[in-house]
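Asks: Take these sequences, add in the hints, and give me the full structure.
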Amino acid sequence: MQKMPQWADVVLIPLISLILAALLSALVILAIGENPWAALKLMVDGSMGSTYAWGYTLYYATNFIFTGLAVAIAIHARLFNIGGEGQAMLGGLGVALIALYIPWPHWTLALLGGAVGAALFGAAWALIPAWLQARRGSHIVITTIMFNFIAAALLNYLLIGALKPSGSMEPATGRFPESTHLPTFQDMFSTAETALFRGAPVNVSFFVALLACVAVWALIWRTRLGYEIRAFGQSESAAKYAGISPTRIIVVTMLMSGGLAGMMAINNVMGEAERLVLNAVEGAGFIGIAVALMGRSHPFGVLLAALLFGFLYQGGAELALWTSIPRELIVVIQALVILFTGALDHMVRAPLEAIFLRLRPAPKPARKTEPAE
Amino acid sequence: MTDQTPAIELKGISKAFGPVQANKDISIRVMPGTIHGIIGENGAGKSTLMSILYGFYKADAGEILINGRPTQIPDSQAAIRAGIGMVFQHFKLVQNFSVLENVVLGAEDGRLLRPSLAKARRELKELAAEYELNIDPDAKIEDIGVGMQQRVEILKALYRQADILILDEPTGVLTPAEADHLFRILKGLRDQGKTIILITHKLREIMEITDTVSVMRRGEMTATVQTAETSPSELAELMVGRKVLLQVEKTPPTPGETILEVENLRVVDSKGVERLRGIGLEIRAGEILGLAGVAGNGQSELLEVLGGYRKAEGTIRLNGEQIDLSGRKSDARTRRARGIAHVPEDRHHEGLILEFSAWENVAFGYHDKPEFNKGVFMDNAAIKADAAAKMERFDVRPPNPNLAAKNFSGGNQQKIVVAREIERNPDLLLIGQPTRGVDIGAIEFIHEQIVALRDMGKAVLLVSVELDEIMSLSDRIAVMFDGQVMGERVPSETDERELGLLMAGITDTDKPHSEAEIEANLAKTRASAAKEV
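Taken in sequence, the protein lines are chains P and V. The first sequence: position 293 = 293 (full-length UniProt numbering), numbered continuously. The second sequence: position 470 = 470 (full-length UniProt numbering), numbered continuously.
Bear in mind the hints are in silico, worked out from the structure with no lab data behind them. Quick reminder that beta carbons are idealized off the backbone N, C-alpha and C, glycines included. Fair warning: there could be bad hints in the mix.
[Said to hold, decoys possible] With the Cβ distance kept under 8 Å, some of the chain V side facing chain P (calculated, not the full set): (1) ILE185; (2) ASP331; (3) ALA332; (4) ARG336; (5) GLU350; (6) GLY365; (7) ASN373; (8) MET378.
Replies: Printed below as a string of structure tokens:
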């Protein structure tokens, strides 16, 4: 029995959670002697007040869309991939190798090649945990998080060794060649008179992220594979009964999940840094978990949640820059949002469901009156 | 009798779960020293009513009188204090505790266990002598059969001084012999002045043992009658609200060529226990083979092997062609392609994805068929149209393909599964527990469909723990016990007693057998069975 209308589930619950998180954050800001209203204004201004601000917000959001989709697609198969961080790191490695060692004639081809390389490397990094889960029953949460550490160590090793240009003192690759540089929004939207998005890192991969949302949506709800993934996620025993191979679904889903996480690299590595630096992912893999949970594992929910977290990231950075609110408090605020929208979901849901049940008109007689015994 | 104070009187009990009215203004008087049956279809509200009486739910309105005194029952402790004992359908026993420990659990007299156990041991002895409830107090629950476990539940209630005993579907897991024994115990208890409420959906039990019977339908109490003054067909009509055929109408079978041959089939489960120990079966076209047996004796494993999602050793031939039992081609998809349709025993965990809509479920297992696909995309419009047509032909209510499967009643959920499998026109239909948790109206319909499929010259393997269903539908009956087929019989030449013996693993059915012997035999395999039920 549906307890409340779907719009309440999709819109109202995240919204209330968000407001609760904001109120609590306001209290914390008050407690350290700053004005929460001013802080909020600063955050909004700094993240949405200009095309420059938007440029950063959308740049972060692009990262979170990829990692959020990665987590979301795995959740449909009831797999909890928390290895987005490591998969995105490996994606970065894939992009770097492709950009550095293949001569690309034009950025469009480079973007395509980079996306493929990033996805392949990310997918490969998810393959081993997937195989261990499918064949050996090793829990995917444990293995993927361990693979995050291995990925970090691997990149560390490569960036102070094989990939570092000789003579450089920095743990990073050399700069990618000119032909692989992706057009930023500034390049695309500025006119001769007005410069828009000046200096902001947002680039063409934002549109790739949007495409990925549509593609994931179509995959999950319109293809046979998506049907099988959802069926497997709902009931493994039923999937077996229907002739769906659990091994195949686990492996294929995790490959796609890892691939999506890896594709984040076309934004942060290819689009922004234009070289591979240490710790390029900056926690976006973990934010992806919150984004997927808040977005209810729906690609369009993920898009909205990614925008929200982009706002929090950019707004938070502004806050740290202009006020005495320390950087750590921004993390607290972000954590509160994650806590309320993800973990404390039920705290909001239960009372809301009760309210909706009370508001509901008396049941129509004789339609469906058999209760579950 | 009417001027006596009722042991239990319920006045105007109502209970709603959200928009669903589970109990509507129910009034009932249960006289002391009687066995009072409550009958109704699944979802009629029987269990809800008893849960209110036992303090699991709080009624929205109404009054409970125990021995004429208005009584509040906020929790099960209060129910026990009021002298009410309940034997649940799914036993609530600690598997690795002894009988004695289970009886004492929750009713210890003090912090030290020893005095309580000693006292309980004395009382159990008395109870055993009085009511034919003999049982070894030191046996571990996991080592005794289901029938015994049920007796432990009854003893638990009696040990807590229950005068009123509620039994919820007590015979679901019992063999006929065990059910008879249970009924003798219940009659003994009644004769000692205890009041018994028996909840069931089986008309036969009502007729056999109750003094008074109340019928529930859709949350309402539709009638209370003296059992002696009613008949099964009248009760069925009261339950469903219209006339029902209790007997399946079918013509004699005309078996054709052999469709399915099973030889020496063996299955070892993940714990290394041999679940099938050399099964041999044969089903011909135009024939229903009924597989009887107490749940957990290998029937489920056999269905899974045939359905393609459990590996096995041995030989299975379909239409004379051997089937791969353990290799790469051994999956459910390949079996369907070969013409085996399967209505699984557990529709909630296998047959349906409850969160999926009805139309998505109607394609389930057949979702890779070309008519449901356009390239890499699924042709959702085609699936919806197909689902709507099938749901109409099988009278699924409500006929809305967009509704999630979980929102249909049990009977309608089963109709969705049956429609999906039968409409594929398979050579062999595997059908497990076709009417478990299904209302009488739908049972009638599903039985007709099975017989119709047989009359079209298809082979049917019917697995059911309901002996009535096996007896009335099958053309031949095979009885399984402990992973083996104990024997085959023709329905017209056998009876429940004989099948009951076979179900207990006793093959020399001509000789008389003591109940103790049957029980001992059953206990050997029953512990594992009980966990699965």
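Asks: Does the structure break any of the earlier hints, and which numbers would those be?
Replies: 1
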